[in-house]
Amino acid sequence: MEEPFDRRAVRRHRDRAAATLGGHDFLLRAAVERLAERVAESGRRFPSVLVLGAAGGLLRDAVQPHADAVVEADLSFGMLRGPGVVASEELLPFAPGAFDLIVSALVLHWVNDLPGALVQARRSLRPDGMFLASMLGGETLRELRAALLSGESESRGGASPRVSPFVDVRDAGALLQRTGFARPVADVETIDVTYADPLRLMAELRGMGETNALRDRPRAFTPRSTLMAAAAAYRAHSGDAGGRIRATFQLVTLTGWAAAPRTPPEAPTEERPPAARLPRRLRPA
Amino acid sequence: MPAGIDPRLLEILVCPLTKEPLRYDAGAQELISDAARLAYPIRDGIPIMLVDEARNLDEPTAKAKR
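Protein sequences, first through last, are from chains W and C. Residues 1 to 285 (the numbering used here) are what the first sequence spells out, left to right. Residues 1 to 66 (the numbering used here) are what the second sequence spells out, left to right.
What the hints contain is simulated information worked out from the structure, not anything from laboratory work. Hints are not guaranteed to be accurate.
[Unchecked claim] Cβ-to-Cβ under 10 angstroms is the rule here; a few derived chain C residues that face chain W:
1. LEU9
2. CYS15
3. LEU22
4. ARG43
5. ILE46
6. GLU53
[Stated by the list, open to error] Simulated restraints, written as ranges between beta carbons of each label pair:
7. C:ASN56 x W:ASP128: 38 to 46 angstroms
8. C:ALA28 x W:PRO127: 32 to 40 angstroms
9. W:ARG44 x C:ASN56: 36 to 44 angstroms
10. W:GLY242 x C:ALA28: 55 to 63 angstroms
11. C:ASP52 x W:GLY243: 41 to 49 angstroms
12. C:GLU11 x W:ALA241: 53 to 61 angstroms
13. W:ARG44 x C:ARG8: 18 to 26 angstroms
For each residue, glycine too, the CB sits at the ideal point set by N, CA and C.
Could you put together the complete structure from these sequences and hints?
And the structure:
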């Protein structure tokens with residue numbers, strides 16, 4: 001099977017971002033906030049928690065008040081802040097039933113085999129354990145995707161894959177159910193951000209460790225003519241009145257439960273419509 | 001950060017490939033998967049549970065696989 005992502009590139013990007021994350025963590029903070037809300041809403045105390053995608057310690061700090069013991073796992077050594085392991089979300093190194101809660105922030109959209117990763121996460125949970133994950137959804141960076149496509153076809157007469165195919169919120173909810181989670185909920189929220197120019201957006205993505213890790217990405221240095229054409233296209237299609245450019249990020253928050261013994265995971269998927277949460281307009285400094 | 005591995009971690013870690021229990025080699029600071037014939041290194045108390053970084057037990061003189 002052709003794997004869409006180059007996991008070594010994902011790891012390199014996270015290693016590099018570990019040092020810069022603090023200045024580029026608005027999205028991570030939003031994701032962690034949503035996850036923390038759901039942990040609090042559960043009203044539970046969790047003896048053993050896995051933080052999947054260490055997020056520079058943000059997620060550990062957020063769940064610690066509801067947990068006795070927290071273990072971090074990340075593909076990048078540099079992202080870990082407390083007790084933890086370097087591990088791949090695609091091959092989890094945890095015993096069955098090791099955790100009462102697994103929380104994951106902004107790493108599962110870089111996984112090649114998402115169903116496989118979800119099944120492994122579920123098996124690492126005790127019966128009735130909670131799974132919470134935030135990942136980027138299909139609308140993420142749609143302006144950038146369009147601008148690169150248009151810039152590249154103008155300057156080179158072709159296009160190459162540069163922005164990830166992110167998960168659709170409906171698929172994500174169905175996937176939870178298919179991988180054996182009970183009472184699955186997929187929640188979506190759109191966050192609109194503005195930047196001074198497309199290069200600032202690219203710098204932010206690099207700082208977050210979210211740059212292109214597609215296996216089929218162009219390996220050669222992108223010609224300046226392509227970048228200039230893409231930047232012009234971005235400004236033309238997604239510029240605002242104040243001369244800034246818009247970028248869309250879509251946060252998909254997944255909630256599911258490891259089935260209690262002899263409870264078949266057959267609850268219908270509940271999907272809150274996208275309008276359930278108001279879009280937020282953020283403007284990073 | 002202490003050099004030793006957190007004992008709580010030892011209890012819950014398994015081989016990522018086979019999901020079988022691991023043997024802790026405190027001297028070599030490795031977690032050994034006999035089933036997968038791999039040894040996962042522990043660096044600064046952090047187990048590196050990546051197949052890419054594991055030492056192949058059947059190539060004892062070779063450096064960690066890249």
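Any hints this thing doesn't respect? Which numbers, in order? none
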